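A.B. asks: Required output: the full structure, derived from the provided sequences and hints.
Those letters in the sequence shown? Residues 376 to 450, per the numbering used here, in order.
Be a bit skeptical, because a hint or two may be false.
[As the list claims (entries may be wrong)] Using 25 Å as the maximum straight-line C-alpha spacing, the simulated DSS-like pairs for lysine-lysine come out as follows:
{"id": "1", "residue 1": "408", "residue 2": "418"}
{"id": "2", "residue 1": "417", "residue 2": "427"}
{"id": "3", "residue 1": "422", "residue 2": "408"}
[Claimed, not checked] Computed spacing ranges between beta-carbons, pair by pair:
{"id": "4", "residue 1": "428", "residue 2": "378", "range": "23 to 29 Å"}
{"id": "5", "residue 1": "430", "residue 2": "378", "range": "37 to 43 Å"}
{"id": "6", "residue 1": "387", "residue 2": "413", "range": "14 to 20 Å"}
{"id": "7", "residue 1": "448", "residue 2": "419", "range": "36 to 42 Å"}
{"id": "8", "residue 1": "411", "residue 2": "381", "range": "29 to 35 Å"}
{"id": "9", "residue 1": "389", "residue 2": "429", "range": "18 to 24 Å"}
{"id": "10", "residue 1": "412", "residue 2": "384", "range": "19 to 25 Å"}
{"id": "11", "residue 1": "425", "residue 2": "393", "range": "18 to 24 Å"}
{"id": "12", "residue 1": "380", "residue 2": "427", "range": "30 to 36 Å"}
FYI, nobody ran anything at the bench for these hints, they're computed from the structure. It should be emphasised that the depicted structure is a prediction, and the values quoted were computed from it without experimental measurement. Even glycine gets a Cβ: it sits at the ideal position worked out from N, Cα and C.
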Amino acid sequence: MHIHLDKPSFGICVRCKAPVLAHTVCKNCGYYKGKQIIDVMKKLDKKARKEKEKEMKESEKTPKKGLTMEEMSKK
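C.D. replies: Listed below in structure tokens is the structure:
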């Protein structure tokens, strides 16, 4: 058949390093192109908000490494 579906290509969020579809807002942190579009914390209760803030601080502290040659060659 000549009609088929391709797998969606995921990118990586610059802010939180979560997989995200191209040209969409990151559902994990609410950022798009370096600007906050959605306040993700507003929807969470107090306990979940603290856990999410702690997780985001930890992800910011980790050093940013570049892609290896193997990761760049994958589609």
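A.B. asks: Going straight from one Cα to the other, do residue 417 and residue 427 come out at no more than 25 Å?
C.D. replies: Since the Cα atoms of residue 417 and residue 427 sit roughly 11 Å apart, the hinted pair holds (cutoff 25 Å).
A.B. asks: Is it true that residue 380 and residue 427 lie within 30 to 36 Å of each other by Cβ?
C.D. replies: At 33 Å between Cβs, range holds.
A.B. asks: Quick check on a hinted range of 29 to 35 Å for residue 411 and residue 381, using CB atoms only.
C.D. replies: The hinted range 29 to 35 Å holds for residue 411 and residue 381, with Cβ atoms some 31 Å apart.
A.B. asks: Starting from the hint 14 to 20 Å, judge whether the C-beta atoms of residue 387 and residue 413 obey it.
C.D. replies: 18 Å, holds
A.B. asks: Within 23 to 29 Å or not, the Cβ separation of residue 428 and residue 378?
C.D. replies: 46 Å, violated
A.B. asks: Between residue 422 and residue 408, is the straight-line Cα distance small enough, at 25 Å or below?
C.D. replies: Violated. Residue 422 to residue 408 sits at ~28 Å, over the 25 Å cutoff.
A.B. asks: Given the range 19 to 25 Å, decide if the beta-carbon distance of residue 412 to residue 384 lies inside it.
C.D. replies: 21 Å, holds
A.B. asks: Between residue 448 and residue 419, does the beta-carbon spacing fit 36 to 42 Å?
C.D. replies: Holds, at about 38 Å.
A.B. asks: Please verify whether residue 408 and residue 418 have alpha carbons no more than 25 Å apart.
C.D. replies: Roughly 22 Å between the alpha carbons, so the hint for residue 408 and residue 418 holds.
A.B. asks: Given the hint of 18 to 24 Å, is the C-beta distance from residue 425 to residue 393 inside that range or not?
C.D. replies: The hint (18 to 24 Å, Cβ to Cβ) holds, given that residue 425 and residue 393 are roughly 19 Å apart.
A.B. asks: Please check whether residue 389 and residue 429 have a Cβ separation lying inside 18 to 24 Å.
C.D. replies: About 20 Å separates the Cβ atoms of residue 389 and residue 429, which means 18 to 24 Å holds.
A.B. asks: Quick one: are residue 430 and residue 378 within 37 to 43 Å, going by C-beta?
C.D. replies: 41 Å, holds
Checked against the numbered hints listed earlier, the structure breaks hints 3, 4; every other hint is satisfied.
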